[in-house]
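Participant: Chain by chain, the residues run as shown.
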Amino acid sequence: MDAAAIHAALVQRFGERITGASLDAGSPFAIVATDAIAEVAAFCKVDPALALDNLMCLSAVDYPKETPPRMEVVYHLFSYRHLHTFALKVQLPRESPAVPTLEGVWGVANWHEREAWDLFGILFTGHSDMRRILLPDDWEGHPLRKDWQDPEYYNGLHVKPTPQMMERALAGETIGVGPFDFTPENKHVEEP
Amino acid sequence: MSGPEPVRGLIQNRFEDGLIVTSADQLINWSRKNSIWFMQFGLACCAIEMMATGASRYDTERFGIMPRGSPRQADLMIVAGTATLKMATRIKRLYEQMAEPKYVLSMGSCANNGGPYWRYGYHVLKGVDEVIPVDIYVPGCPPRPEALLYGLLKLQEKIQEDRVLRKRGLTVGSLAGATLDGSADMPRPAGKR
Amino acid sequence: MSAASPTGFVSDWDQDGLDTDEMVVNMGPQHPATHGVLRVELRTDGEVVRAARPHIGYLHRCFEKHCENVDYPGVMPYADRMDYCAAMGNTLGFALTVEKLCGIEVSPYVQTVRVIMAELQRIASHTIAVGTYTMDIGAFTPFLHLIRDREKILDLFEWTCGARLLYNYNWVGGVSHDLPDGFIRATRDFLREFETVTFPELLDLIIHNRIFVRRLSHVGVCSPELAISYDLTGPNLRGSGIARDLRKDFPYSGYESYDFDVCVGTGQYGPKGSCFERNWVRVVEMRESAKILHQALDRLEKTEKADVHEKVPKRVKPPKGEIYFRSEAPRGQLGYYLVSDGNINPYRVKVKSPCFTAMSVFHHLAKGMLIADVIALIGSLDIVLGEIDR
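Protein chains in written order, with our numbering: chain A, 1 to 192; chain B, 1001 to 1193; chain C, 2001 to 2390.
Please note that the accuracy of each hint is not assured.
To be verified - Have a look at the derived ranges for each label pair, beta carbon to beta carbon: (1) A:ASP138 / C:HIS2177: 41 to 47 Å; (2) B:ILE1020 / C:ALA2372: 49 to 55 Å; (3) C:ARG2214 / A:GLN149: 52 to 58 Å; (4) A:LYS146 / C:ARG2214: 52 to 58 Å; (5) B:ARG1057 / A:LEU23: 52 to 58 Å; (6) C:GLY2162 / A:ALA4: 43 to 49 Å.
What the hints assert, rightly or not - Per the computed footprint, the stretches of chain C lying under chain B, defined by three or more beta-carbons under 8 Å from a beta-carbon of chain B, are: (7) 2060-2067; (8) 2166-2180.
As the list claims (entries may be wrong) - Restricting the straight-line Cα-Cα distance to at most 27 Å, the calculated cross-link-like pairs of lysine-lysine (DSSO-like) are: (9) C:LYS2317 / C:LYS2248; (10) C:LYS2320 / A:LYS45; (11) C:LYS2248 / C:LYS2100; (12) A:LYS65 / C:LYS2320.
Hint data in this document are derived by calculation from the structure and do not stem from the laboratory. Virtual Cβ for every residue (Gly too), placed ideally from N, Cα, C.
Full structure from sequences and hints, please.
Facilitator: Structural data, given as structure tokens:
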């Protein structure tokens, strides 16, 4: 089935809960209402004509400058039976974004959603294990948001970029010892 | 110096420089430098080059340098790869688990100063010497196996100059960071600190 | 545990009143056999694992943040460093993604060069995978033999572009260096040695070795449904018996014109989807890659040389839009979701890394295994933490 047919099947089943679509050849997707995503996903997986049994990728994107400012979660789906692909999107507000979890539909969504929570702060309601996956557990903030600022320190370690060795050397600081300075008496002299 | 008197060994750092003691030191250091067992602490891409250095083409075992799995059995920690903030406490703990005398070789740009991730890497430790003292820095991304071998040979030279039986001095050339109270067990380079 | 013996005698030294407790064992971030900085918490009852929880993120190097701040060609070195054992595959995927969004078509010569580099990289990556896997299982020598062959491939790469491990080779619109003179003959020499010496030796001494087979053939069995649900791809999926390969189904860079088989787990020693099968797929994929390489080298001799920088744009500025493109990296399907807003920096790059999804099934497969088999399972999934954590 091509993208238009998949979209038509979804619209036929869910009507207005498919709130938008873009079906050009590069990357077709349908925008789904946030509260309907679990049903739509289950239908996509189970329906024999669609059979989208594989979640290829779950991405979160932050659009603070669009109108309206939003975050999107994009689900790229693939069918091993019919070898077709499709994408679903949900659009979320930037303050406390929340969307139902899909880990019951595709098992791999568990880890992808944990990553989206970790890096973007999107809460997946009903998730069995909503905790950070890549960053430490006591990390504050969600770094891939567009308004992220590097803090100075994390537990005493520098987070903001520190001046690199070249800059510090040019500023007059002695970086390390010279390469051949171990013995005060017999200094190696590099042959030119 | 502040703090209680540090515990010193029976013969460690007790003797003035002399012919016998210096020769004994040289013998001890010669045997130590030719048998450096490193803890394979491969974090990222440099770990692959460290493995390649240990494999048959750029053999490290001909220098007596052998990988060990556990820090308790190692003299040297080769930090090969990017240290992240999540990993930093573990690096420190592994360093503390190694027995004295221990050395650290920072392999690759990421371990030296954050490497290519220094600017936008919010989770990257900008140099492993933020948490542990480093003896040798090997630059490269990743350093060629020959470069790592060069760094290891430089470490051997450094070990050869170590003062085991002889007393440490205050002004040993550019190693002015060494102190008499034994708090710096191995003269550290004057780096960031 | 019941105490009765076959004669019915019940000893008083017996276990019905004995409390056994579960123990939480931590497998490091620093561990010789976890292929990187992976931490696995195992809840074990003696030697049997009741539950396993992997912790990742010890190598999170903020690749996606870097992508938003550097320009498209500048992303390439960072893309290399994700799956550092197979760097050509990462940059090829990203280059193809951007080219698809920009609408750039490279010449057949560049396509052939890319295929040659990708397949050489596939062999090199599988040598590390199989070599370190056998090292985990307990045999050290195959590692040395396979690394010997890998060094020959790295010599070829170094001859072409100057780097041994991380090349920045595939650029948007072309490749960075043309193949040097004599490359074809050197590659054919390598392939001859590989196919006549190393590969048969590998099969005879290790893969069909009774100890190796008994150790692995019933361990870590992943059913096809579980594999699809947890998005296992590449050799992990094909080990479970599903014969899907992106180079055949959705070909790119000229793969449709090469003749090769899709390697799939055959269940010769045990159930499909076991650790042995996943490893077997990697081993035979090396032979298929050699097949593709022979064809590509023949084709290269017949194609006239083209300028590899011909289609490289002065400034990479894709139109506003988004695309999801996946390619068959040695570890599975590497997917790039690229959102462009018309600037010279990408707006968002999300990488779907095959090892990330392979690791997500780990907690499911590790239940009920012995601790030693956990090591075998981790190795059979062939994970590279740089790609999992990005």
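Participant: Looking back at the hints listed earlier, which ones does the structure fail to meet?
Facilitator: The structure conflicts with hints 8, 9, 10, although it agrees with all the remaining ones.
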